Amino acid sequence: MKEIIITVLSITGISTVLAVLIIIAEKFLNNYGECEIDINDGDKNLRVEGGSSLLSSLAANKIFIPSACGGKATCGLCKVRVLEGAGPLLPTEEPYLSKDERNDGVRLSCQVKVKGNLRVYIPEELFNIREYVATVTNIKDMTHDIKEFRFEFKAGEDIKFKAGQYMQIETKPYDKVKEKAIRAYSISSAPSDNKAVELIIRRVPGGLCTTYMHDHIKVGDEVRMTGPYGDFYMRDDSDDYVFMAGGSGMAPIKSLVMDIMERNLDKKMIFIFGAVSKKDLYHTEFFREIERQNSNFRYVPALSRPEPDDNWNGETGLVTEVLKRYVDSGKGKHAYLCGSPGMINACVNVLVGSEFDEAKIYYDKFS
Amino acid sequence: MTPQINPFIIFFASIITSNMVLSNFLGMCSFISVSNEFKTASGLGKAVTLVMVFTTVINYVVYQYVVLPLGLEYLRYVVFIIVIAASVQIIELAMDRFLPELYIKLGIFLPLITVNCAILGISLFMVIRNYNFWQSLLFGLGSGLGWWLAISTLAAIREKTGKSKIPQGLVGPGLTFIIIGLMALAFMGFSGIFVIQ
Chain C
1 MKEIIITVLS ITGISTVLAV LIIIAEKFLN NYGECEIDIN DGDKNLRVEG GSSLLSSLAA
61 NKIFIPSACG GKATCGLCKV RVLEGAGPLL PTEEPYLSKD ERNDGVRLSC QVKVKGNLRV
121 YIPEELFNIR EYVATVTNIK DMTHDIKEFR FEFKAGEDIK FKAGQYMQIE TKPYDKVKEK
181 AIRAYSISSA PSDNKAVELI IRRVPGGLCT TYMHDHIKVG DEVRMTGPYG DFYMRDDSDD
241 YVFMAGGSGM APIKSLVMDI MERNLDKKMI FIFGAVSKKD LYHTEFFREI ERQNSNFRYV
301 PALSRPEPDD NWNGETGLVT EVLKRYVDSG KGKHAYLCGS PGMINACVNV LVGSEFDEAK
361 IYYDKFS
Chain Y
1001 MTPQINPFII FFASIITSNM VLSNFLGMCS FISVSNEFKT ASGLGKAVTL VMVFTTVINY
1061 VVYQYVVLPL GLEYLRYVVF IIVIAASVQI IELAMDRFLP ELYIKLGIFL PLITVNCAIL
1121 GISLFMVIRN YNFWQSLLFG LGSGLGWWLA ISTLAAIREK TGKSKIPQGL VGPGLTFIII
1181 GLMALAFMGF SGIFVIQ
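Same order as they appear, the protein sequences are chains C and Y.
Anchor point for the first sequence: position 73 equals 73 in the numbering used here, and the numbering is continuous, going up by one each time.
Anchor point for the second sequence: position 141 equals 1141 in the numbering used here, and the numbering is continuous, going up by one each time.
I should point out that these hints are in silico values taken from the structure, not numbers from a laboratory.
Every value quoted in this text rests on a predicted model; they were computed, and no experiment measured them.
Don't take every hint at face value.
Here are some chain C residues pointing at chain Y (derived, C-beta under 10 Å) [unchecked claim]:
id: 1; residue: M1
id: 2; residue: E3
id: 3; residue: I11
id: 4; residue: P88
For glycine and all other residues, C-beta sits at the position ideal for the given N, C-alpha and C.
Construct the complete structure from the given sequences, taking the supplied hints into account.
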């Protein structure tokens, strides 16, 4: 008995001493004092406690850099140009940075530790990014695996975004999932509807966030989100647009089409939506209604494998084949694609083959 | 019970004839898994050497002045492991502050070293063989350098065999084990000069 007590006490004692040593070491070694972060040549000056990552230091000051992995250097989204004070490039950053980016001083902000004064450049639109606690006010089943959620912000709060951009949702721990997860979803509502956002989320079997959204979120729940993010938004300098989407990739396209309609822009548009069978189609009536009201808009749902009892008499085949049938030449046209990486790569090939300018093909890969 | 062995004999023997990995088969996991490329292998070797020296010294002090007086010899495994884990943490913090270049180069290897059994092995041998402070220090340093030499050599050979045509059945672990065996024989060849244990 005595032996057990001595053992437990001494192990506890030694561990405590070591833990205290680590805390003391951290206090002295990880103490970089107050550091200054200069943003965009004096536009903003932040004074932060050194020792944490640039990403979290900026977030603490309400400047949100897009990040889908939560600072683990696996998504490569949190790129920021650091002009001074970042130290050498880390091996963890190398895979995400092109040669040009390296020369420009682009770094992953989650890997850069604030150890002294920094000079950074952050694109203006990132200042629009804010943190919201939104309430779920509506959940609609779109198909067997896709739901559309409406999140309303607190009174007095609004959002300024460009059609096509996305939000990042933070899930709370649930069931056996002990950690928070952060995932990105495109906004499907129009920018004019600025007191709320709607997101279309497809269930990914075993997915951390999609399972949470599909099975655990109820109307009235609060969800923490940040945004808007992304450079997939409409450029106005064309009169002819080709939109293509598959699955939940409809979200940003819906927002783009609604935005064009609301602003009464005189644009010619075709929207090709790819699905497997009739049960994967949704918002069909919504787009048909726009088609009826506006002769410039054309909606083409295409099924790759319609079921016998679908009685489908619309387009069949892969979206790439349908694309060839509807779009003959891409001269002067812009294309916006959203869906799985496989679909996008195939479509980009077809578009480039039909004389689309590669720089005018915009896409958002959902993976 | 050999406190009178010259520390320098221990130093050289632990590099070559009593090499941690080639004669004691300790630290095999990272020895095999991180020896594909010379550059990374050598980086890991450096980190292991550094941590070995530090933890041997710290464990010597803890063992002589805490574990022995309290009569806790039976707890030495646990104590050594906690000390190793804690000292790796502190070394990491210190390196990040004072040697950022080296810290960045070693990257993920530094925390991974905590679970390298060669490091625990050194501390245990030091106790079993009753080494004094200088003997322990040079034993730690020598073993580290020996591990570094072994993994760099293996990595260099593997880089070469990676580019050669070898029979299908030997590709990967098969050939690696044969190379390690031959390397061990070569290192043993020096046992006429000095040997400990």
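The hints, checked one at a time:
no., hint, verdict
1, M1, "violated, 16 Å"
2, E3, "holds, 9 Å"
3, I11, "holds, 6 Å"
4, P88, "holds, 6 Å"
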